[in-house]
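S.K.: The primary structure of each chain is shown beneath.
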Amino acid sequence: MGDKTVLYDAHMKLNAKMAPFAGFEMPIQYTSIKEEVIAVRENVGVFDVSHMGEFFAEGPEAIKFIDNMMTNDFMGADLYKAVYSPLCRENGTVIDDFIAYKIGTERVLICVNASNIDKDYSWFESHVTEFDCQLSNHSSNYSLLAIQGPRSEEVLKQIEIYPTGDFPYYSAKEIQAHGEKLIIARTGYTGEDGFELFCSNQFITTLWDKLLNAGVIPCGLAARDVLRLEVGYPLYGHEIHDDVTPLDSALKWTVKFSKNNFIGKEALENYTPKYRLVKLSLDKGIPREGYPILNEEHETIGKVCSGTMSIISGKGIALCHVEKAKFPKDKKLFIQIRKNIVPANYHTKPFITGGHK
Amino acid sequence: MSNVPENLFYTVDHEWIKIDGDIATIGITDFAQKALGDIVFVELPDVGESYSVNDTFGVVESIKSVSDLLIPVAGEVLERNDDLEDTPELCNESPFDNAWMLKIKMTNAEDKSSLLDATKYTAHCEASH
Numbered sequence: 178m179g180d181k182t183v184l185y186d187a188h189m190k191l192n193a194k195m196a197p198f199a200g201f202e203m204p205i206q207y208t209s210i211k212e213e214v215i216a217v218r219e220n221v222g223v224f225d226v227s228h229m230g231e232f233f234a235e236g237p238e239a240i241k242f243i244d245n246m247m248t249n250d251f252m253g254a255d256l257y258k259a260v261y262s263p264l265c266r267e268n269g270t271v272i273d274d275f276i277a278y279k280i281g282t283e284r285v286l287i288c289v290n291a292s293n294i295d296k297d298y299s300w301f302e303s304h305v306t307e308f309d310c311q312l313s314n315h316s317s318n319y320s321l322l323a324i325q326g327p328r329s330e331e332v333l334k335q336i337e338i339y340p341t342g343d344f345p346y347y348s349a350k351e352i353q354a355h356g357e358k359l360i361i362a363r364t365g366y367t368g369e370d371g372f373e374l375f376c377s378n379q380f381i382t383t384l385w386d387k388l389l390n391a392g393v394i395p396c397g398l399a400a401r402d403v404l405r406l407e408v409g410y411p412l413y414g415h416e417i418h419d420d421v422t423p424l425d426s427a428l429k430w431t432v433k434f435s436k437n438n439f440i441g442k443e444a445l446e447n448y449t450p451k452y453r454l455v456k457l458s459l460d461k462g463i464p465r466e467g468y469p470i471l472n473e474e475h476e477t478i479g480k481v482c483s484g485t486m487s488i489i490s491g492k493g494i495a496l497c498h499v500e501k502a503k504f505p506k507d508k509k510l511f512i513q514i515r516k517n518i519v520p521a522n523y524h525t526k527p528f529i530t531g532g533h534k
Numbered sequence: 032m033s034n035v036p037e038n039l040f041y042t043v044d045h046e047w048i049k050i051d052g053d054i055a056t057i058g059i060t061d062f063a064q065k066a067l068g069d070i071v072f073v074e075l076p077d078v079g080e081s082y083s084v085n086d087t088f089g090v091v092e093s094i095k096s097v098s099d100l101l102i103p104v105a106g107e108v109l110e111r112n113d114d115l116e117d118t119p120e121l122c123n124e125s126p127f128d129n130a131w132m133l134k135i136k137m138t139n140a141e142d143k144s145s146l147l148d149a150t151k152y153t154a155h156c157e158a159s160h
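So the sequences go chain by chain: A and B. Here the first sequence is numbered in the numbering used here, starting from 178 and rising by one per residue. Here the second sequence is numbered in the numbering used here, starting from 32 and rising by one per residue.
Derived by calculation from the structure, the hints in this document are not laboratory data. A portion of the hints provided could be inaccurate.
As the list claims (entries may be wrong) - Below, a list of computed lysine-lysine pairs in the DSBU-like style, where the Cα atoms sit at most 30 Å apart:
1. B:Lys65 x A:Lys516
2. A:Lys181 x B:Lys65
3. A:Lys516 x B:Lys151
4. B:Lys65 x A:Lys211
5. B:Lys151 x A:Lys461
Taking the hints into account, I'd like the entire structure generated from these sequences.
M.R.: In C-alpha cells form, the structure reads like this:
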C-alpha cells in the first residue's frame, strides 16, 4: 500500500477503483472512464492530483533561477503567468516536465510529476546555490485539485473561488477564499478549459465537498490519461523519459535557443534528433504501449509510447516514437497488434480539438 | 453483487460455458465485465480453428486493459458472434446472452468435469473481491 492523499477516504466513500500510482494509492475511476471523459469534454470534472509535487523558489533571483532550469522562456513571461517546460540535464535529456507559476516578482511555484519529486528536487537544489534564491519542497503539505471542462469557470465562480480581473489561459494567482490562502491557475492536462487549485491539506476536503455539491463530477486518472492522449500531450515515462531530449518528442516549441543560457542549451543546439513523435490512429484495434511500428516492408521502425481507445473519436489512438532516419516519406505506417499488422492513419493535428481558452 | 445464472458452467478466469450435447457456447461473466469496465474491443478467432484447453483464443479490451480469453473446453470453432466486432459494449450490457462469443464443437466430453458450477463460481467470485 502506497501513500494516501488527504482525500483517500472521500474516494473510498465514492467506491472509486484505487490503484498504486507513483507511490500513492490513487483513484483510477469512479463510475466509468467513458462517462468521466465526457464529463470533462462537455461539462466539468474534478481530479485529485495531490500526489504531484510542489516546490517554491523565492528571492530576488527566483525567476532568473527557474529561467535557467527550463528550456522554455520564463524571464519573458508576464507576472501571474504559468509556463510549461521540460527539465533537462546538461546533455539535453529529459529529467521531467513541469509547470512554473510566476505568482510574485520574487515567488515561483513549481509543479512536478509525483514519480519524480525526489529526483527533481535534488536537481533544482544542486543548482540553486548560484542564485539569490531559496528553494523549498512543499509536496507533502499541499494538495491539488484539477477542475476541468467547459463549465469550470462557472462552477468556481459559483463556489466563490475565483480571482478578480482578467484570468486568461495559463494565468496563476495567489488568492484568499473562504479564509484560506490558495493558488489558482488556469492550467490542466486535458485540453479543455480548466483550473488547478493548490491548497493546504486542511482545506482540501472542504474544497472537494464544495465542488461535488456544485455538481462537479469526480474523475479518475484513467480518464485523465485518455483526455491527454486525445489532445496529444506527452507524459513523462512514456513520450518523454531519461533517454530522449525534447527534440525527440515534438517539444521543440518549448526549447528557446534565443535565450542567453539554460541547462542543456549547448547539447541541444548540437543534437540531431533520433526520433519523431507521431500521432497515429487505427480504424480497427487499439494500439498499446510497446506495440511495434512497422513500415510498408514490415520492418520495425518504432514503437507505441502511449495508446488507448479515444472516447470522443471512437478509434484507437497512439503517440509513437519512430526512428527519424527510417521515417517513410509517404507516411505509410503500420502498428503490429499481436499477429496482425494494421495500417495506421497519420495525424498532423491532435486527435480532437480541446476547448481551452 | 454480480449475476451468476444457475444453468451455466464457469471457469476461474470468469468465463461462462453453456453445454448442449457436444456443443459449448462460451462468453465472459457479469463479474468479468464489471471488473473490466467499458469494453471497447473484442477479437475472436475464425470459424474452423481448433484449440486445446487453456489456449488463448482471443482478447477482450477495456479502455485501459487487454485481457486474454482462454478456451475452457477443447474443440473446434463452429460459430463466432460477429456482432461483438462493431458492438463490443454488448459484453457490458448482456454478458450471458447477446455477448456470447463462440460456439465450440467439443472434442473431449471429460473437459466438462473440470468446470465450476454456479455455487462454486459464486464462492470463487466472493474470494476474488
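S.K.: Hint by hint, say whether it matches the structure.
M.R.: Results of checking the hints against the structure:
At roughly 28 Å between alpha-carbon atoms, B:Lys65 and A:Lys516 fall within 30 Å of each other, so this suggested pair holds. With a C-alpha separation of about 25 Å, the suggested pair A:Lys181 and B:Lys65 falls inside the 30 Å cut-off, and the hint holds. Proposed proximity of A:Lys516 and B:Lys151 is contradicted: the alpha carbons are some 36 Å apart, above 30 Å. Under the criterion of a C-alpha separation no larger than 30 Å, the hint pairing B:Lys65 with A:Lys211 is consistent with the structure, at around 14 Å.
Among the hinted pairs, B:Lys151 with A:Lys461 is inconsistent with the structure: their alpha-carbon atoms are about 37 Å apart, more than 30 Å.
Hint check: violations occur at hints 3 and 5; the rest are consistent with the structure.
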